[in-house]
Every structure is written in C-alpha cells, then in structure tokens.
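For the record, the sequence lines run as chains R and B. Numbering follows UniProt numbering, with no gaps: position 184 of the first sequence is 184. Numbering follows UniProt numbering, with no gaps: position 116 of the second sequence is 116.
I should point out that these hints are in silico values taken from the structure, not numbers from a laboratory. It is possible that some hints are incorrect.
Copies of the same chain look alike in the list, so a pair counts if it fits in one copy or across any two.
To be verified - Capping the alpha-carbon separation at 27 Å, the derived lysine-lysine pairs in BS3-like fashion look like this:
#1 LYS266 to LYS47
#2 LYS318 to LYS64
#3 LYS48 to LYS284
#4 LYS182 to LYS131
#5 LYS221 to LYS266
#6 LYS131 to LYS47
#7 LYS298 to LYS318
#8 LYS266 to LYS318
#9 LYS64 to LYS325
#10 LYS325 to LYS47
#11 LYS131 to LYS200
2 protein chains.
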Amino acid sequence: MKNTLYLLSALLCSTLTIVAQRPPSISSPDVHPDHSITFRYYSRTAKKVTMNGEFLTAPVAMTKDTSGIWSVTVPPVKPDIYPYSFSVDSVQLADPNNTYVFANERFKRSIVDVPGDQPLIHSLQNVAHGKISYRYYKSATLGQTRPLLIYTPPGFNPNSKTKYPVLYLIHGGSDTEETWTKVGRANFIADNLIAQGKAKPMLIVMPYGNVRPAPMSDFTKDMVNDIIQFMQTNYPVIADSRYRAVAGFSVGGGQTLNIGLTNPDKFAYVCAYAPYTATDEFKKNFTDWNPNAEQMNKQLAAFTISVGTDDFLYEPVKQNIAMFKGKNLKLDTLIVPGGHTWMNCRLYFANTLQQLFK
Amino acid sequence: MKNTLYLLSALLCSTLTIVAQRPPSISSPDVHPDHSITFRYYSRTAKKVTMNGEFLTAPVAMTKDTSGIWSVTVPPVKPDIYPYSFSVDSVQLADPNNTYVFANERFKRSIVDVPGDQPLIHSLQNVAHGKISYRYYKSATLGQTRPLLIYTPPGFNPNSKTKYPVLYLIHGGSDTEETWTKVGRANFIADNLIAQGKAKPMLIVMPYGNVRPAPMSDFTKDMVNDIIQFMQTNYPVIADSRYRAVAGFSVGGGQTLNIGLTNPDKFAYVCAYAPYTATDEFKKNFTDWNPNAEQMNKQLAAFTISVGTDDFLYEPVKQNIAMFKGKNLKLDTLIVPGGHTWMNCRLYFANTLQQLFK
C-alpha cells in the first residue's frame with residue numbers, strides 16, 4: 001500500500017514520457033539509531049555505483065540486490081550534517097530520493113542529517129523559532145533586483161520600539177543565498193543559541209554574493225551601499241557600526257575581509273571563515289596596506305579568522321593571520337581540526353553568534 | 001579569467017576528494033533571444049547523453065565536442081518555465097550547472113525559465129514585492145513541528161488594523177512546501193496580479209501536505225485544526241469563511257476537495273487543479289455523498305476544478321466534475337490544452353487569484 005501510494009504520487013507529478021524513466025521510490029538515506037547510515041539507489045542497468053560523502057576519505061562501493069536496488073551501510077559516523085553524492089558508472093549525481101539538496105550553482109549533492117544523542121546546536125529543537133524571509137532588493141550598484149534571505153528572531157516585531165543588531169552573512173563561492181540556511185542551518189543555530197541565552201536576538205541577512213560578470217569588488221559596494229540601506233529602510237535596525245557585523249565562508253570569507261576591514265567605521269565585527277583571498281580585490285586592499293591599527297582596534301569589537309587544520313586553505317589563511325597581526329591588528333583566531341567543509345563552517349558560525357553585540 | 005574564477009570557486013566549496021570528480025564549469029541552460037535553448041553537460045567518458053524536458057515529446061540526443069562538453073540546442077519554445085533533466089548513459093540527473101532544482105522528494109530535475117517578449121505573469125517584474133516567510137508550526141494532530149511557507153503581500157504590516165484573507169495552497173504528491181514558490185512562482189504571480197489590481201492583497205499559506213506514515217486524511221485535520229489556528233494566532237487574518245480559500249494541485253487538488261467540501265463552513269473558495277482522487281479519503285467522503293446543495297451553494301463563493309485535456313487525469317477529473325454537478329453543486333470548470341504540468345498549474349493558479357475574495 002505504501003509503495004503503491006509512493007508510485008502513484010511519483011506518477012502524478014510529471015508527464016508520462018518522463019514517468020517511464022522513473023525508478024521506484026525507495027528510502028534513502030536511512031540514518032540508524034547507532035549513527036550508521038544506509039544509502040540506496042535504484043538501477044537495473046548500472047555496472048558500478050559508489051557513494052561518497054564528507055564523512056568518508058574515499059568513495060565506498062554499493063551492491064545491487066535482485067530487485068535492482070543498490071545499497072551500502074556505512075559504520076556509525078559522528079553526528080553532523082554531511083554532503084554526499086552517488087557516482088553511477090562515473091556519473092555523479094544527488095540522491096534522487098532525498099529531498100535535501102545542497103544549494104549550489106556548480107554541483108548537485110544531497111545532505112544527510114545524523115542527529116546527536118543529545119540535540120546538536122543546528123537541530124530543530126522545541127524552542128521558539130525565528131523566521132526566514134525571502135525578499136528582493138534593488139541594487140543600484142549592480143542595476144539588478146537581487147534576492148536576499150533575512151532571519152528575524154523569535155518575537156520579532158517590525159513595529160516595536162526595539163531595534164536590532166544585524167549580521168550580514170555571506171556564502172561560499174559557488175553557493176547561493178540559500179546555502180547558509182539549507183546547509184548551514186543558520187536559522188536553527190540562532191534559534192537555539194538565543195533560546196539558551198548565549199546569543200543576542202539579531203537579524204541575519206544572507207545576500208547572494210556572486211556578482212558575475214561584474215568584478216567581485218562590486219559586491220563590496222553592493223553590500224555597503226545597497227544592502228545596508230535596504231535593511232535600514234525596511235527593518236528596525238540599529239544604524240551604528242557597533243551593532244553591525246559581517247561574516248562569511250570561503251570566497252564569502254574573503255569578501256568579509258574586504259568589506260569589513262575597508263569599512264571599520266561601518267562594521268565592528270568582522271568574522272572570516274576559511275577565507276579565500278587569492279583575488280584582485282584582496283590584493284589591491286591588503287598589499288602594502290598601512291592601516292591605522294590603533295584606530296581600527298578601537299573600531300573593531302571583534303576581528304576573528306577561523307579555519308580547520310585540514311582545510312586546503314590552511315596555509316594561505318595562516319599567512320593572512322600573520323599579515324594582519326603584523327599590522328598590529330587585534331585578531332582572534334579559531335583553529336580547529338577539520339577541512340574546508342560546512343561542518344566546520346557551522347562551528348565557526350555558532351562561535352561567532354556567541355560573541356556578537358555583547 | 002572567467003573560467004579560472006569558476007574553477008577556483010568550484011574548488012573552494014568542497015573537500016579535495018570530491019573536487020577530483022568535479023567537471024569544469026560550463027553555462028547551462030543558455031536561453032537565447034529567439035527562445036531557443038542550449039543545454040550543456042560535461043563528460044569525457046559518457047557514451048550517450050540525452051536531454052528531456054516538458055517542452056518536448058521525446059528526449060533529444062546531445063553531441064560531444066573535443067573538450068568533452070555535450071550540448072544540444074532546441075528550437076524556440078513557447079515562453080514558460082519547464083522542468084528538464086539529462087540522461088547520461090541511462091542515468092537520469094538534474095543539470096549540475098543549473099542552480100534551479102525542482103523541489104521534490106522523489107526525483108531531481110532542473111527548471112529552465114524562457115522569458116516572454118512581454119513579461120509573463122510569473123516573472124520577476126518591476127513591481128512591489130511581497131515576501132515569503134519560512135516558518136514552523138506545531139501540529140497537535142500529527143505530533144510534529146512542521147514547515148510552512150507564508151506569502152505576505154507588498155506593504156503587509158502585521159500590526160496594522162488591516163486584516164487579510166488567506167489562501168491555503170497545497171503542492172502535488174511528491175512535491176514539498178517549496179514547490180509552489182520554486183516551481184509555481186506563486187509569489188511573483190501574486191505580486192504581479194496585485195500590482196495590476198487584478199488580485200486582492202492576501203496571505204498565501206503553503207504547507208507541507210505529505211503526512212506519511214499517517215493516513216492522508218490526517219492532513220485534512222492538520223489543516224483545519226492546526227494550520228488555520230497557527231495563522232489566526234500569528235497573523236492579522238479575517239477569521240471568516242468568506243475570506244478563506246483552499247487550492248491545490250494533483251494529490252493536493254484531491255486534498256483540496258476533501259478539505260474544502262467537507263468544511264464549507266470554513267472555506268468559501270475551493271479550487272482544485274487536476275485533482276488526484278483515487279484515495280480512501282475521497283472515496284469515504286464522496287461515495288454515496290448526499291450534500292445539502294442549496295446550503296453549500298450559498299456557502300461556496302466559488303468552487304472550481306481546472307484540468308488540461310492532455311492531463312492523464314483528464315478522464316477521472318471529468319467524471320468527478322459530472323459527479324459534483326450531479327449533486328446540484330454550482331461548479332465552474334477551467335478546461336484548457338496541456339497536461340499534468342506546472343505550466344498548466346501556474347495558469348490555473350493565476351485564474352484563481354483573480355476570482356478570490358471579490
């Protein structure tokens with residue numbers, strides 16, 4: 001009955017030409033109580049199917065049963081949210097039976113959520129929930145109407161006298177404005193830390209950081225001129241640098257440094273996660289840079305760079321840390337195990353939220 | 001330079017193990033000014049790559065160039081938004097280079113937006129935009145915290161004296177709470193029709209209609225008991241059946257009939273799009289049904305069923321239309337060319353919006 005229903009509902013969502021290609025519905029991934037995970041994929045014709053995930057160091061083979069369902073069960077993994085994908089006769093694809101797709105412009109992977117025995121900081125818990133609003137703003141800089149996600153905390157009232165601090169939060173290089181919520185779970189992390197009294201209620205603005213074919217530096221202008229203005233026009237925000245933060249991951253971490261450190265009068269908090277800095281904008285801003293460190297150290301309430309020791313950007317990040325320290329800037333670092341992953345990124349973000357606006 | 005940047009940004013968003021599998025970034029789909037479309041896919045090893053889309057009657061072959069990029073250009077298609085996918089040596093997958101994925105639980109396809117020479121009703125236009133809020137509500141019926149998307153119209157103010165009518169809008173069988181915005185573009189259609197004065201400002205609530213493993217009829221209870229209550233508690237809504245509508249597509253169309261027609265004291269507008277009705281709940285509700293037609297015709301401001309003549313549910317939908325008319329219910333029908341598609345669904349929805357709350 002259940003399978004019949006699945007098949008019927010699959011049938012209902014497409015034209016008949018495409019239905020003919022559609023596999024039967026199967027459950028994948030299945031996360032077991034001991035944190036092992038079973039992945040499944042249906043193909044009667046494939047010769048080799050493997051699964052790769054960011055909890056593995058190499059792809060694992062899947063095996064086919066008599067009904068054409070390929071599967072593999074991996075041993076217990078550390079509770080977290082991981083990207084994974086299948087390779088079917090060398091074709092990489094997202095898990096067709098998993099709703100949760102990594103929001104990205106350049107690849108399609110799925111995400112699997114392995115819950116902790118105790119609820120993890122990014123999990124949906126029984127606390128008051130903020131909301132995420134999908135909005136559009138006009139960028140005079142870029143001559144476009146562009147998308148924007150805005151987290152408002154539980155109890156947010158746009159008309160109350162309460163005004164809020166704002167964190168501007170930027171995704172990685174080929175991510176989208178949805179990656180910080182869909183993969184980073186920024187909203188649940190904020191809900192939980194606010195409920196625990198560990199983070200201040202704040203607005204979190206998640207713009208779309210890719211401005212191609214415009215030069216990357218135009219995003220700095222867009223942020224400083226258009227996005228901040230949109231927020232000040234449409235939300236009860238505190239228009240004071242002490243209540244404004246910028247953070248971002250990877251390419252967004254580089255953008256964070258460019259935006260924040262060239263505008264210390266506008267952002268008192270600058271938090272870069274595994275920043276990618278091999279850009280013309282970074283070179284222009286920070287080669288032969290001669291900041292007034294004393295003044296900047298007063299303006300910046302926190303300047304933090306986070307990175308994992310297995311991150312492939314670990315070396316350039318260390319060099320940048322040394323460079324900034326060499327300019328006598330007060331810089332906190334969070335250096336932890338792990339790679340250039342969203343697992344690490346959520347950790348950096350949870351750390352940031354507990355520092356902001358205090 | 002551009003390609004270098006693409007490669008770098010692709011590189012930055014994953015671990016190195018996965019990067020090794022990653023193809024070079026290419027542009028796909030490219031929609032040309034004459035409405036022809038070029039699709040591209042990279043593989044040096046594939047033997048056969050085809051593309052299928054809902055603007056085609058059969059898959060078309062793609063051809064490989066010397067750099068391993070497969071492509072096909074299809075002749076001009078009627079401007080609309082279409083789902084499509086690739087088949088690579090018989091493996092069906094979404095376009096890796098296209099950000100826009102069809103929100104669905106059971107397949108992964110991409111969507112391509114072919115703009116009209118004049119802006120189509122579902123396009124992002126230069127009008128005031130409403131917002132979509134991603135929220136969570138507690139369902140006492142289902143014992144779960146469940147997701148919900150809520151469209152609020154331009155100028156919406158939760159604290160003003162203005163109270164709003166509400167449309168409850170349900171997705172298809174294997175879709176998600178995001179399908180009505182991501183594929184249906186319900187928000188842009190509402191923005192544009194409100195801007196043109198053709199639709200009343202309203203709230204649009206898009207719940208997640210799948211309640212498995214609970215019986216499907218539990219969604220009716222969830223809607224009537226939990227979702228309406230959540231809206232009345234959290235939004236300035238008019239708590240009167242004349243200002244409450246329910247609509248849905250496919251399985252959601254069947255849910256619409258079950259919800260609306262068994263609660264005509266709660267919903268004055270019942271709008272089913274290609275409803276799927278081969279369910280226990282529908283059978284229980286409408287076999288040997290003996291409604292008080294006179295009373296229901298007074299309660300229902302509009303009862304509409306829409307379907308395409310090529311829809312594979314056309315025959316059962318026609319039979320249900322005859323069944324409801326045989327009960328002397330006032331029923332409007334919108335019967336148009338086209339199949340069981342979201343292209344048709346957007347058309348039905350735009351028609352509904354212009355009828356509601358007038």
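Evaluated hints:
When the C-alpha separation of LYS266 and LYS47 is checked against a cutoff of 27 Å, the pair qualifies neither within a copy, at 57 Å, nor between copies, at 55 Å. Neither within a single protomer nor between protomers do LYS318 and LYS64 lie at most 27 Å apart by alpha-carbon distance, with minima of 46 Å and 43 Å respectively. For a Cα distance limit of 27 Å, the shortest separation of LYS48 from LYS284 qualifies neither inside one copy, at 48 Å, nor across copies, at 47 Å. Proximity of LYS182 and LYS131 under a CA criterion of 27 Å is satisfied in both settings, with 13 Å inside one chain copy and 18 Å between copies.
In this assembly of identical chains, the alpha carbons of LYS221 and LYS266 lie at most 27 Å apart only when taken from the same copy (13 Å versus 50 Å across copies). In this assembly of identical chains, the alpha carbons of LYS131 and LYS47 never lie at most 27 Å apart, being 45 Å within a copy and 47 Å across copies at closest. Taking CA atoms no more than 27 Å apart as the test, LYS298 paired with LYS318 passes inside one copy only; the shortest distance there is 24 Å, against 73 Å between copies. Taking the shortest Cα distances, LYS266 and LYS318 sit within 27 Å of each other inside one copy (26 Å), while across copies they are farther apart (63 Å).
In this homomeric assembly, LYS64 and LYS325 never come within 27 Å of each other (Cα to Cα): the closest approach is 55 Å inside a single copy and 51 Å across copies. In this assembly of identical chains, LYS325 and LYS47 lie within 27 Å of each other by CA distance neither inside one copy nor across copies; the values are 54 Å within and 54 Å between. With identical chains, the CA atoms of LYS131 and LYS200 are at most 27 Å apart both within one copy (16 Å) and between copies (25 Å).
When held up to the earlier numbered hints, the structure conflicts with 1, 2, 3, 6, 9, 10 and fits the remainder.
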